[in-house]
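Trainee: Same order as they appear, the protein sequences are chains U and F. Position 120, counted from 1, in the first sequence is what the numbering used here calls 120; the numbers after and before it change by one each time, with no gaps. Position 246, counted from 1, in the second sequence is what the numbering used here calls 246; the numbers after and before it change by one each time, with no gaps.
Since the hints were derived computationally from the structure, they do not count as laboratory data. Heads up, some of the hints might be wrong.
[What the hints assert, rightly or not] Pairs of lysine-lysine, BS3-like flavour, derived with a Cα cap of 30 Å:
1) Lys107(U) / Lys271(F)
2) Lys271(U) / Lys107(F)
3) Lys7(F) / Lys30(F)
4) Lys262(F) / Lys262(U)
5) Lys262(U) / Lys107(F)
6) Lys107(U) / Lys262(F)
There are 2 protein chains.
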Amino acid sequence: MTMSFAKIAIIGLGLQGGSIGLAVQQYLPKIATSGYDRDPATRARAAERGLVGHVAETAVEAVQDADLVIFCVPLGAMGDAARECAPGLRPDAVISDVGSSKEAVAKVLGEVLPNHVIIPAHPVAGTENSGPDAGFASLFEGRWCIITPAEGTDPFEIERLSVLWQAIGARVEIMAPAHHDRVLAVTSHLPHLIAYTIVGTAGDLEEVTQNEVIKYSAGGFRDFTRIAASDPTMWRDVFLYNRDAVLHMLQVFTEDLTELQKAIRLGDGEKLFDHFTRTRAIRRSIIEQGQDVASANFGRDGKV
Amino acid sequence: MTMSFAKIAIIGLGLQGGSIGLAVQQYLPKIATSGYDRDPATRARAAERGLVGHVAETAVEAVQDADLVIFCVPLGAMGDAARECAPGLRPDAVISDVGSSKEAVAKVLGEVLPNHVIIPAHPVAGTENSGPDAGFASLFEGRWCIITPAEGTDPFEIERLSVLWQAIGARVEIMAPAHHDRVLAVTSHLPHLIAYTIVGTAGDLEEVTQNEVIKYSAGGFRDFTRIAASDPTMWRDVFLYNRDAVLHMLQVFTEDLTELQKAIRLGDGEKLFDHFTRTRAIRRSIIEQGQDVASANFGRDGKV
Ligand SMILES: NC(=O)c1ccc[n+]([C@@H]2O[C@H](COP(=O)([O-])OP(=O)(O)OC[C@H]3O[C@@H](n4cnc5c(N)ncnc54)[C@H](OP(=O)(O)O)[C@@H]3O)[C@@H](O)[C@H]2O)c1
Ligand SMILES: NC(=O)c1ccc[n+]([C@@H]2O[C@H](COP(=O)([O-])OP(=O)(O)OC[C@H]3O[C@@H](n4cnc5c(N)ncnc54)[C@H](OP(=O)(O)O)[C@@H]3O)[C@@H](O)[C@H]2O)c1
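Bound-form chain U, shown alone (with noise of 0.2 Å):
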């Protein structure tokens, strides 16, 4: 048995799915790559911008011969495209998939797929665009795949799967999948949450207009709404299936933020300094640690 996969199917064409198979045939050339998603308009995009070798038009088509499959589908579609694939798969193949939370994924392809080796993965990589013209073979670049296999599973398999997301510029980490779910909810679930909610309540005022939250949006509001534009699917499903998780650090976050208005209440400003500069620091680390670039307003304004 090699290293290497001979053939990947992806099933969901959208940011993800998409990416990955961009950067397979540029990092990969040797591996056959085909894929598959539910939307005709979306087969056809995929097609004209060669997201995969193969465009199939249907899931069991995609899938044979293939040694992997990874399924780029919401949350929620897991369970159906795994049974459309089914009847399609070779009984050796690994299954894998990219979605953003992993207990409840392992769970439902466990049962549709009983007798594979699955290893769930989970790219923490996006932007707040999806769909089939969302992808580019450049964004899993320094960015970190957390795989989240089953005690038991395969120590090869395993590596074969990191060997593939480290050759399409990932760097690896193994994780328990309910240790994913828990960093994963507030590392990007919580935020994703509070992005959404602020930038509905600031829509919502009766005393200050939607135009006069969009004219004024430079004073901050604006990062948050670039959040609050990702595919509303794709975070309902991550809130329904991550949902102890979520309601944990919202908990969490909740009581810091009652401390914080008190403060604010009380006029407690040594209070309020405090809390600031202690916030500095994780900013530094994270661009030490290359996760984001240091230049102002995120570099948007081409300046300093």
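Since chain U is already given, all that's left is putting chain F with the ligands on it; use the hints.
Mentor: Same frame as chain U, but now just chain F with the ligands:
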């Protein structure tokens, strides 16, 4: 009396003061500029960078002969800065500022300089950086500057100040100070408070290490850390000097967050989906009105 000012004195040579100084020298080279900062190291660096035509050693020296004085210091320092300048001010010098809250500043400047024409202003333009190295001439380009004159202010003087801001790239809006404070509470102050909170929350968790938060920040969290890296003194003052409007907006936000929390708890996917769909429209408008860039991830990856 001419439409243009002859000499502008800038008190406080950080991000805002430095940017105004550079912009005036670039776009209005006939206007003389002088500046003062209480920090000798900042004065030295300001002179090196040429943030203003002349860096004075005292506030009194800086305002000598100036027909416009702009206070660019933290909100809590406005009173002290005005007191220091008072003995040197021309009796007809117009007084302005760039403070992020307007009712409180109007009050303190009015108390310290009761015989002057005072026209507070707030350029809604900034970055997370501060100090004498942070300023750049194009900071105000395409951004809004909100001018909040008291009722009865000489329209000619308001117009002079408006023309100045437009000449250095800003678009100008006139607004009542109390309304300004509510608008900015939602477009700037609440987002900063939320960002400071969540970055603090993430840094303090027991079940997720700070190193994990940093590694996996590309999932959304890193956007918040930019804002939460802003100057602690400035932001302490914003929350002390715009307390009521911030507490009000925070209450509305908390109600909305509680509603989404309930939807997650109940698994109400439809409610989540509807909310997440509405928020997309606001981002589209912000981009259409030139207040943000459309490229994915703010274009910081240099991709798409
Ligand atoms: N976006 C991010 O930042 C990000 C980051 C990391 C991980 N993820 C995860 O990646 C997965 C995909 O996200 P994405 O951003 O790539 O979404 P996307 O751009 O919307 O792509 C998903 C694609 O899957 C298709 N699809 C839905 N159900 C299907 C089915 N049963 N069979 C075949 N295709 C189906 C969708 O078609 P329709 O349009 O017809 O529904 C869509 O074209 C999600 O599980 C998400 O949690 C996303
Ligand atoms: N940053 C933004 O995004 C933004 C946007 C719009 C408006 N504003 C407003 O602009 C004002 C200045 O903010 P900034 O971002 O330019 O801050 P900054 O970069 O920290 O600059 C403020 C400067 O004022 C100096 N200073 C403090 N007290 C002084 C005094 N009594 N006399 C003379 N100089 C004094 C400070 O010196 P020390 O370092 O010694 O304290 C510092 O060099 C604030 O009122 C803020 O609310 C900021």
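Trainee: Hints first: check each against the structure and report whether it holds.
Mentor: Outcome of the hint check:
1. For the hint pairing Lys107(U) with Lys271(F), the CA-to-CA distance comes to about 25 Å; that is within 30 Å, so the pair holds.
2. Restraint check: the Cα-Cα separation between Lys271(U) and Lys107(F) comes to about 25 Å, which is no more than 30 Å; the hinted pair holds.
3. For the hint pairing Lys7(F) with Lys30(F), the CA-to-CA distance comes to about 9 Å; that is within 30 Å, so the pair holds.
4. Distance restraint check for Lys262(F) and Lys262(U): the Cα-Cα separation of roughly 24 Å lies within the 30 Å cut-off, and the hinted pair is therefore satisfied.
5. Restraint check for Lys262(U) and Lys107(F): the C-alpha separation of about 25 Å stays at or below 30 Å, so the hint holds.
6. At most 30 Å may separate the alpha-carbon atoms for a hinted pair to count; Lys107(U) and Lys262(F) meet this at roughly 25 Å.
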